[in-house]
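> Starting from the two chains in their separate frames, assemble the complex, guided by the hints.
Line by line, the protein sequences give chains A and B.
Residues 1273 to 1386 (our numbering) are what the first sequence spells out, left to right.
Residues 19 to 134 (our numbering) are what the second sequence spells out, left to right.
Just so you know, the hints here were simulated from the structure itself, not pulled from any lab data.
Since this is a predicted model, take the numbers as computed values, not measurements.
A hint or two may mislead.
[To be verified] Non-contacting residues of chain A with respect to chain B, defined by C-beta distances greater than 10 Å in every case (computed):
| id | residue |
| --- | --- |
| 1 | Val1283 |
| 2 | Glu1287 |
| 3 | Gly1288 |
| 4 | Leu1290 |
| 5 | Asn1296 |
| 6 | Gln1317 |
| 7 | Glu1338 |
| 8 | Phe1339 |
| 9 | Ser1342 |
| 10 | Met1355 |
| 11 | Ala1359 |
[To be verified] The following label-pair restraints were derived from C-beta to C-beta distances:
| id | chain 1 | residue 1 | chain 2 | residue 2 | range |
| --- | --- | --- | --- | --- | --- |
| 12 | B | Ser27 | A | Leu1292 | 29 to 35 Å |
| 13 | A | Ser1372 | B | Pro26 | 39 to 45 Å |
| 14 | A | Glu1338 | B | Lys38 | 40 to 46 Å |
| 15 | B | Leu92 | A | Tyr1311 | 46 to 52 Å |
| 16 | A | Leu1292 | B | Gly79 | 31 to 37 Å |
| 17 | A | Ser1372 | B | Ser23 | 22 to 28 Å |
| 18 | A | His1354 | B | Ser23 | 36 to 42 Å |
Even glycine gets a Cβ: it sits at the ideal position worked out from N, Cα and C.
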Amino acid sequence: AQSVTQLGSHVSVSEGALVLLRCNYSSSVPPYLFWYVQYPNQGLQLLLKYTSAATLVKGINGFEAEFKKSETSFHLTKPSAHMSDAAEYFCAVSTYSSASKIIFGSGTRLSIRP
Amino acid sequence: GAVVSQHPSWVICKSGTSVKIECRSLDFQATTMFWYRQFPKQSLMLMATSNEGSKATYEQGVEKDKFLINHASLTLSTLTVTSAHPEDSSFYICSARNTQGAGELFFGEGSRLTVL
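Next up, chain B with everything else stripped away, as it sits in the complex (with noise of 0.2 Å):
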């Protein structure tokens, strides 16, 4: 299948500072990106949807301000969390939309977030 990958696995950072977490589609084209946040032994929340060459669009509730998403090109998308603090400590995972298959989403691995 589809091969999606996501950078950095794990990252610890301090309070304040900004993380940038990658998400590539390896062996396709997508032109739709999802993140999606998943806290301890939850579901995926849809953060944000991630369209190329245009702003991504936000789920309700979600600071765009706080998680910025770029979408520059057609494999990479990505989610920088501003100024995080330990509140935003999760597990983000990004998924991106095989468009030549039937609408599956293959996903990445996923990024710990820590922030101290």
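Looking at chain A on its own, in the form it has when it is part of the complex (with noise of 0.2 Å):
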């Protein structure tokens, strides 16, 4: 069985600070690892993944995580937040096939402070 966990359901920083969003994963088998991002109303985004190859993956919008098997996590990280990253952001994983499910976080909401 496959989970993740985001530590924070909410997270506020000051505009132009580090972005740090915790999510650490259980998997029996070689995980892949995705971050996506919700604005109000809308669907889901990709931001992100991490399919065994380079630990550290860059994604859209300035964004990157590292994947380190060693903590089980996959941190998402942006070194200096704008005011247009406000949104809530779910972790996910899943493993590769061709029906396998994706199993999400329960989200953390990032809040920007001008």
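Next comes the structure, spelled out in structure tokens:
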């Protein structure tokens, strides 16, 4: 079975500050890991994905995440927050197969202070 | 990236009526699509896995007679909420897996259902 845990349901940072959203996973097989962003009343947009290649993954909008097997973590970071980054962020895990399910974390709401 | 389209985006219906939501993969074929339900300020709850040409696989606790899923083609899956009640009001999101890629899901824009 697979699962993800997102630490902190709400994170607030100042504009220009470092963004760090935490995600830990559990998987009995090598995982695929994802970060998605959701703006109000919209679907989900893929920020980045880890698929067993490079452990440091760069995504869109300046976000990146590092896969650390020893810590079973896949934390999302961005060096400098923008107001437009305010949204809900979901970490997710799956294994690659044509029908395997993606399991989502509970989500972290990111607020940006002016 | 790949595009998944959902229709309608918003729907308001009377209690007791049925509502159909469509999910289309516009530029790729999807043998598998997924339907999620999202309550306000909560994560996505997987309702069912829709398989082209076969019956959907429902998650535990999801009523298959209440939420009818049809996946008649490689680009279209539909979710029908039958005899809708106010407690069925929610945000429904579909996704499709691009089997040519790394297995990531592409999501529709979501459908907001309000049952009066």
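> If a hint holds in the structure, say so; if it doesn't, say that too.
Each hint, compared with the structure:
no.: 1; hint: Val1283; in the structure: holds (14 Å)
no.: 2; hint: Glu1287; in the structure: holds (23 Å)
no.: 3; hint: Gly1288; in the structure: holds (27 Å)
no.: 4; hint: Leu1290; in the structure: holds (25 Å)
no.: 5; hint: Asn1296; in the structure: holds (15 Å)
no.: 6; hint: Gln1317; in the structure: violated (7 Å)
no.: 7; hint: Glu1338; in the structure: holds (18 Å)
no.: 8; hint: Phe1339; in the structure: holds (14 Å)
no.: 9; hint: Ser1342; in the structure: holds (23 Å)
no.: 10; hint: Met1355; in the structure: holds (21 Å)
no.: 11; hint: Ala1359; in the structure: holds (13 Å)
no.: 12; hint: B:Ser27 to A:Leu1292: 29 to 35 Å; in the structure: holds (33 Å)
no.: 13; hint: A:Ser1372 to B:Pro26: 39 to 45 Å; in the structure: violated (29 Å)
no.: 14; hint: A:Glu1338 to B:Lys38: 40 to 46 Å; in the structure: holds (43 Å)
no.: 15; hint: B:Leu92 to A:Tyr1311: 46 to 52 Å; in the structure: violated (29 Å)
no.: 16; hint: A:Leu1292 to B:Gly79: 31 to 37 Å; in the structure: holds (34 Å)
no.: 17; hint: A:Ser1372 to B:Ser23: 22 to 28 Å; in the structure: holds (23 Å)
no.: 18; hint: A:His1354 to B:Ser23: 36 to 42 Å; in the structure: violated (28 Å)
Consistency with the previously given hints fails for numbers 6, 13, 15, 18, ordered from lowest to highest.
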